[in-house]
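Q: Guided by the hints, dock chain G onto chain H, whose structure is given.
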Amino acid sequence: MTDHAIVITGLIAGTAAIRGVGYLIGSRLPSKGPWAVGLNALPGCMIAALLAITLAPAGPPEWGAALVSLGVALWSRSLPLTMAIGVATIALLNSIL
Amino acid sequence: MTCSALPEQTRHDAFRSGLCDAIPISLGVGIYGLAFGILAAGQGLSAAMTGFMSAFVFAGAGQIVALERLGTSAGAMIALVAGLALNLRLLLMTASLRDELGGRPLWQIVLGLHLTADENWVLMHAARNRGVPAGYHYLLGAGVSLFLAWVAATTAGAAFSGNIPDLGTGVMDFAFTAAFILLLTSLWQRRGDLAPWMISASVAALWSLVLPFDPSWGLLFGAIVGAAYAGVRSHD
Numbered sequence: 001m002t003d004h005a006i007v008i009t010g011l012i013a014g015t016a017a018i019r020g021v022g023y024l025i026g027s028r029l030p031s032k033g034p035w036a037v038g039l040n041a042l043p044g045c046m047i048a049a050l051l052a053i054t055l056a057p058a059g060p061p062e063w064g065a066a067l068v069s070l071g072v073a074l075w076s077r078s079l080p081l082t083m084a085i086g087v088a089t090i091a092l093l094n095s096i097l
Numbered sequence: 001m002t003c004s005a006l007p008e009q010t011r012h013d014a015f016r017s018g019l020c021d022a023i024p025i026s027l028g029v030g031i032y033g034l035a036f037g038i039l040a041a042g043q044g045l046s047a048a049m050t051g052f053m054s055a056f057v058f059a060g061a062g063q064i065v066a067l068e069r070l071g072t073s074a075g076a077m078i079a080l081v082a083g084l085a086l087n088l089r090l091l092l093m094t095a096s097l098r099d100e101l102g103g104r105p106l107w108q109i110v111l112g113l114h115l116t117a118d119e120n121w122v123l124m125h126a127a128r129n130r131g132v133p134a135g136y137h138y139l140l141g142a143g144v145s146l147f148l149a150w151v152a153a154t155t156a157g158a159a160f161s162g163n164i165p166d167l168g169t170g171v172m173d174f175a176f177t178a179a180f181i182l183l184l185t186s187l188w189q190r191r192g193d194l195a196p197w198m199i200s201a202s203v204a205a206l207w208s209l210v211l212p213f214d215p216s217w218g219l220l221f222g223a224i225v226g227a228a229y230a231g232v233r234s235h236d
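Chains as they are written, first to last, in the numbering used here: chain H, 1 to 97; chain G, 1 to 236.
FYI, nobody ran anything at the bench for these hints, they're computed from the structure.
Remember, predicted model here, so these are calculated numbers, not experimental data.
Misleading hints may appear alongside valid ones.
Stretch by stretch, here's where chain H covers chain G in the computed footprint (C-beta under 8 Å, at least three residues) [to be verified]: (1) 38 to 48; (2) 59 to 71; (3) 84 to 93; (4) 198 to 207.
Chain H side only, calculated, beta carbon under 10 Å to chain G, not exhaustive [as the list claims (entries may be wrong)]: (5) 26; (6) 27; (7) 51; (8) 54; (9) 60; (10) 61; (11) 62; (12) 68; (13) 70; (14) 73; (15) 89; (16) 90; (17) 96.
Built from N, CA and C at the ideal position, the CB exists for glycine as well.
Only chain H is shown next, with the shape it has when bound in the complex (with noise of 0.2 Å):
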């Protein structure tokens, strides 16, 4: 078996299983309580992280750019907008800093 033939058929197993797994987990916890509230909250605490992970190691124009489009989210509530200004923010700022 090639490199490539072991890292896309693990990967397209692998990734099933974690699927899969997850949603079994899911679905045998509580459907109230502490459990279901801290799924509930999973999503907000999942893009906060991924946002952390993202910006912490970054530097000040990624910085500048995530401000701007938090502004920009919060007053247009926009996706495509805050998409294209923060390109365009990181662009400028990334020219100039």
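A: Just chain G now, with coordinates in the frame of chain H:
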């Protein structure tokens, strides 16, 4: 402005809303897909094999990391473990899909699980926060949009790798960051959300800055600690 501004009436409406809401992010995914296709071609993968991988793994970040590791002569097993470690966050996402998938036929559960990615999972929760009853079909519609963009772009990137100019993926990285910033603001419900989010972000940031492990473990650990705090707090 979003496509799902009005409450959904049917599963077709829900599917269409999801598909439409995901189009802006799918465009970003397309740019990334082209870059991944070029990377895959550089590693000796054919366009058909690249498309096959994208369709059956459908987890972009894990695919990119695995092939990048393979390119550094790290060995197939290390490349595989690196890719799967990044995909472990999918476990937390699918664990929260009980209400969307429960009671459905097996094929619908398998399809829903396979089409679950960061973007459509968060889009669904954000739409729900706006009062849209987004569920299984919304998740599926947004997932199909992302899936088509990813598979088509990665295949095209591998097929035409010699003819595609520099796509500026460094700048495009930030398109996803900006998207997730907006989606996080869309998930805000009450002041009580702030503490779990701050805990998650602080734990994840400290992990990625201090500990000598891959940041994706910090993402997982941070998300679990914040969600656990929310659960324990509700019990007190």
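Q: Compare the structure with each hint and give your call.
A: Each hint, compared with the structure:
no. : hint       : in the structure
1   : 38 to 48   : holds (count 3)
2   : 59 to 71   : holds (count 6)
3   : 84 to 93   : holds (count 8)
4   : 198 to 207 : holds (count 9)
5   : 26         : holds, 3 Å
6   : 27         : holds, 5 Å
7   : 51         : holds, 6 Å
8   : 54         : holds, 6 Å
9   : 60         : violated, 13 Å
10  : 61         : holds, 9 Å
11  : 62         : holds, 7 Å
12  : 68         : holds, 9 Å
13  : 70         : holds, 5 Å
14  : 73         : holds, 4 Å
15  : 89         : holds, 8 Å
16  : 90         : holds, 4 Å
17  : 96         : violated, 14 Å
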